[in-house]
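Note that the numbering used here has the sequence shown beginning at 217, numbered continuously upward.
Please note that a few of the clues may not be correct.
As the list claims (entries may be wrong) - Quick list of the computed label-pair ranges, beta carbon to beta carbon:
no.: 1; residue 1: Ala306; residue 2: Gly330; range: 27 to 33 Å
no.: 2; residue 1: His443; residue 2: His269; range: 35 to 41 Å
no.: 3; residue 1: Asp368; residue 2: Leu319; range: 43 to 49 Å
no.: 4; residue 1: Leu429; residue 2: Pro261; range: 28 to 34 Å
no.: 5; residue 1: Gly371; residue 2: Asp303; range: 24 to 30 Å
Calculated directly from the structure, the hints in this document are not laboratory data.
Using N, Cα and C, we set each Cβ at its ideal position, and we do this for glycine too.
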Amino acid sequence: MPQLSAITRFPVKGLGPDPLDQVQLMAGAALPLDRAWAIENGPSPFDDAAPGHLPKKHFLMLAGQSDLARLTCHHDAQGQTYSVSLDGAAPVTVKLDDPATHLPLFDVLNALLGEAVRGPLRLVHAPGQAMTDIPQPQISLINAASVRELSDKIGQPLDPLRFRGNLLIDGLAPWEEFELIGQAIRIGGVTCRVESRIRRCVATSVNPDSAELDSNVPAALFEHYGHMDCGLYLTVLEDGVIALGDPVEIDASGAPA
217 MPQLSAITRF PVKGLGPDPL DQVQLMAGAA LPLDRAWAIE NGPSPFDDAA
267 PGHLPKKHFL MLAGQSDLAR LTCHHDAQGQ TYSVSLDGAA PVTVKLDDPA
317 THLPLFDVLN ALLGEAVRGP LRLVHAPGQA MTDIPQPQIS LINAASVREL
367 SDKIGQPLDP LRFRGNLLID GLAPWEEFEL IGQAIRIGGV TCRVESRIRR
417 CVATSVNPDS AELDSNVPAA LFEHYGHMDC GLYLTVLEDG VIALGDPVEI
467 DASGAPA
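Generate the whole structure from the sequences, applying the supplied hints.
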């Protein structure tokens with residue numbers, strides 16, 4: 217039976233992963249604290265009084281600033297602090313909800329990114345809105361077998377973290393996940409509806425360890441499979457806790473409305 221092999225969130229859009237052993241999911245919501253913050257790259261239409269979804273071009277992101285992968289990041293959910301270290305240097309720690317503490321983080325980012333910074337940086341947060349690439353409050357799922365097969369096709373190991381998914385499952389056949397759209401899957405005690413495939417951009421070409429653009433993943437997907445998709449978007453249908461090792465069950469009869 218397929219099982220859940222990793223749970224990952226990315227508290228700040230474009231920055232490092234926060235691996236979890238378990239997480240409480242809520243119906244109709246994104247993974248808690250996933251892309252809860254984003255770093256505005258110069259002035260943008262983001263409105264603190266009426267925050268909502270904006271295109272990723274307004275924020276720092278791996279697709280545009282691949283050097284972000286050089287940062288080692290640590291998130292403390294209890295204290296709402298976030299630490300970054302550049303190339304092994306002493307970490308800088310900020311309180312995500314306290315703008316008065318953010319300047320040291322911006323100093324690191326300015327030094328790292330140089331002219332890729334378009335203007336003053338600002339850490340923004342939209343309560344109840346994940347700063348993902350889509351406006352819908354969904355979670356993302358990656359099939360480990362699909363990543364392994366793509367790795368074999370191109371002759372290069374690909375870390376699933378390249379795809380920055382929330383859930384990694386193993387035990388399906390490669391690309392079998394694409395047959396699940398419109399169906400329900402149950403992860404541990406939580407039912408989700410499979411909504412759509414995820415089209416991939418250049419961010420997946422960034423090696424999460426070296427920050428190098430070492431493989432054109434979208435081009436490889438198209439060359440070998442005729443599409444540029446990897447992973448699925450899911451809608452959570454009920455509250456519940458999921459944990460590493462949970463079984464993943466497919467409801468072939470279709471998803472509840």
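Status of the hints after comparison with the structure:
1. At roughly 21 Å, the beta carbons of Ala306 and Gly330 sit outside the given window of 27 to 33 Å.
2. Take His443 and His269: their Cβ atoms lie about 25 Å apart, and the range 35 to 41 Å is violated.
3. The supplied range of 43 to 49 Å is met by Asp368 and Leu319, whose beta-carbon atoms lie about 46 Å from each other.
4. Our hint of 28 to 34 Å for Leu429 and Pro261 holds, since their Cβ atoms are close to 29 Å apart.
5. For the hinted restraint 24 to 30 Å between Gly371 and Asp303, the CB-CB distance of approximately 29 Å keeps it satisfied.
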